[in-house]
Structure formats: structure tokens, C-alpha cells
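Using the sequences and the hints given, assemble the complete structure.
Numbering of the sequence shown is given in our numbering, commencing with residue 15 and proceeding in unit increments.
These are calculated hints, taken from the structure and not from any lab test.
Glycine included, each C-beta is placed from N, C-alpha and C at the ideal position.
Heads up, a few of these hints could be off.
FRET-style restraints, in silico, Cβ to Cβ [what the hints assert, rightly or not]: (1) V157 to G92: 39 to 47 Å; (2) R124 to S49: 36 to 44 Å; (3) R198 to G125: 35 to 43 Å; (4) P227 to S139: 29 to 37 Å; (5) D58 to T226: 50 to 58 Å; (6) T248 to G46: 29 to 37 Å.
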Amino acid sequence: MHVSLERAEFASPSAPCDTGVGEPERVARLLGTLSLFEGAVPLDSAAAFAGATVQSVPAGTLLFDAGQPAETLYVILGGRVRLMLGPDPGSRSLAVLGRGDTIGLAALMRGDRYPVAATVLEDASLVGLPSACVQRLMVEYPVIGARLVGDMAAKLARFVTEIGGVTQRSARARVARLLLDLHRSAASDADRQSGIAFVELKRAIASRLAMTPETLSRELHALSGEGLIESRRTRFRVLDEDGLERSAEDAASAIGVR
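Shown next as C-alpha cells:
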């Protein structure tokens with residue numbers, strides 16, 4: 015079913031979204047800690063989340079496969095989820111999502127099927143919002159609707175940028191940009207100083223960057239040799255952020271990327 019913003023097709027605010035046993039008060043409280051929902055729904059309006067659930071999902075779980083009907087919007091409270099072209103471990107890795115990210119909104123709004131597979135990379139805590147609950151939130155709380163659409167647009171822009179980087183940038187630029195993004199998204203300076211963990215196996219990172227694991231290792235070694243990073247087996251530390259930025263820009267501009 016397509017998500018409709020026509021109020022006439024929507025249930026009354028006090029009606030539950032479905033007959034499932036949910037945890038509306040807990041869902042409202044937990045989602046309120048995320049910037050996407052913060053301040054948008056009063057805690058005493060928990061009925062809007064009836065039918066939603068909080069799920070603890072262990073690492074390695076296939077959340078959904080490509081081609082399955084998109085019936086649930088997932089919001090990540092903790093842990094990480096990897097998006098892939100398929101459920102097979104050798105499938106192309108597309109992105110790794112973490113706290114505050116949503117999964118499946120575009121397909122759910124179109125009444126379509128999930129275009130990718132989602133696998134839990136690290137033990138995760140997720141909120142599952144059924145399609146009817148998403149409809150309720152977008153109609154009854156327009157601020158949430160605007161934020162969800164904005165979040166979806168931002169993800170699309172990010173994926174377009176990443177695709178452009180894969181198709182136009184050199185291997186050096188792609189690796190440098192990934193390291194910078196991981197470095198800048200670290201929770202604190204202490205994390206940056208102690209070293210940032212690669213959240214995926216290096217072969218999965220190489221797949222996402224459209225290169226072989228051997229090429230990834232070679233570029234990491236080269237960046238380390240230039241004194242820009244300190245690279246270990248499962249972690250890295252940026253030693254020269256400005257230099258790493260220049261490395262990415264120089265490698266990109268050398269092949270015509272602006």
C-alpha cells in the first residue's frame with residue numbers, strides 16, 4: 015500500500031495502527047532521544063506509536079532480503095546494519111548505517127519492495143514502525159513527515175555522491191575519503207586518539223569502494239607510509255587530517271573530479 019497523506023484515508027488518532035502488541039510509550043520515549051524525532055511528538059501522544067515494537071537483533075541476522083515487500087520502517091537505536099545487494103556474504107556492500115538512521119522508508123512510501131538486503135552487522139536495537147504507523151505519524155505530526163522526507167533526500171544525495179566517487183575517483187581518493195568520514199563521525203576526540211575500528215571486514219569495505227582487498231591494503235599502506243594515518247589490522251588513526259584531505263582532493267582532481 016502506498017503511504018497516503020490524505021487524512022480521509024487515515025484512521026482516527028486514538029485508533030491503533032494494527033492489532034499487534036506494541037510498546038507505544040517505550041517507543042515514543044526511545045525515539046525522542048534521536049534528532050529525527052526529538053521534540054516532534056509529546057510523550058503523552060504515545061498512541062501514535064501503537065503497533066510499533068522495540069527489537070533486539072543479534073549480529074548476523076538478515077533483517078530483510080531484497081525483493082521482500084516493504085512493510086516496516088526500521089529506526090536504529092544502537093548497533094550497525096549493513097545494506098547489501100543481496101544476503102550472500104559475497105554480495106556488494108552498499109552502506110553501513112548506525113544510530114539514528116532509518117531503513118526502508120523510500121520503498122515503504124512507494125508501496126514497493128525493499129531494493130536491497132539489510133543484515134545486522136553489530137548487535138542492534140531497532141524500532142519497527144509498520145506502514146500504518148508511518149502514515150499516522152506523517153499525517154498527525156507534519157514535523158515528523160518533513161524530517162523523514164528530508165532524511166530520505168539526504169540519504170539519496172549521499173548515495174549519489176558515493177556512486178560518483180566510485181565511478182570517477184581514483185582508488186586513493188576513495189580510501190582517503192572513507193577514512194576521513196569515519197574519523198569525523200567518531201563520537202569523541204578520545205576515540206579518534208585511541209584508534210577508530212573498521213566496522214566491516216576489509217573485504218566488505220573493498221567491495222563498497224569497488225576495489226579488490228589487495229588494492230585497499232596497498233592504499234592503506236601507502237597512506238600510512240606518507241605519515242597520514244596509522245593503520246593496524248582492525249583499527250586506524252588519522253595522524254594528519256589536512257594531509258589526508260589533500261590526498262583525497264589531489265587524487266580526485268587528477269582525474270577530473272571537482
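Hints versus structure:
no., hint, result
1, V157 to G92: 39 to 47 Å, "violated (24 Å)"
2, R124 to S49: 36 to 44 Å, "violated (25 Å)"
3, R198 to G125: 35 to 43 Å, "holds (37 Å)"
4, P227 to S139: 29 to 37 Å, "holds (31 Å)"
5, D58 to T226: 50 to 58 Å, "holds (55 Å)"
6, T248 to G46: 29 to 37 Å, "holds (34 Å)"
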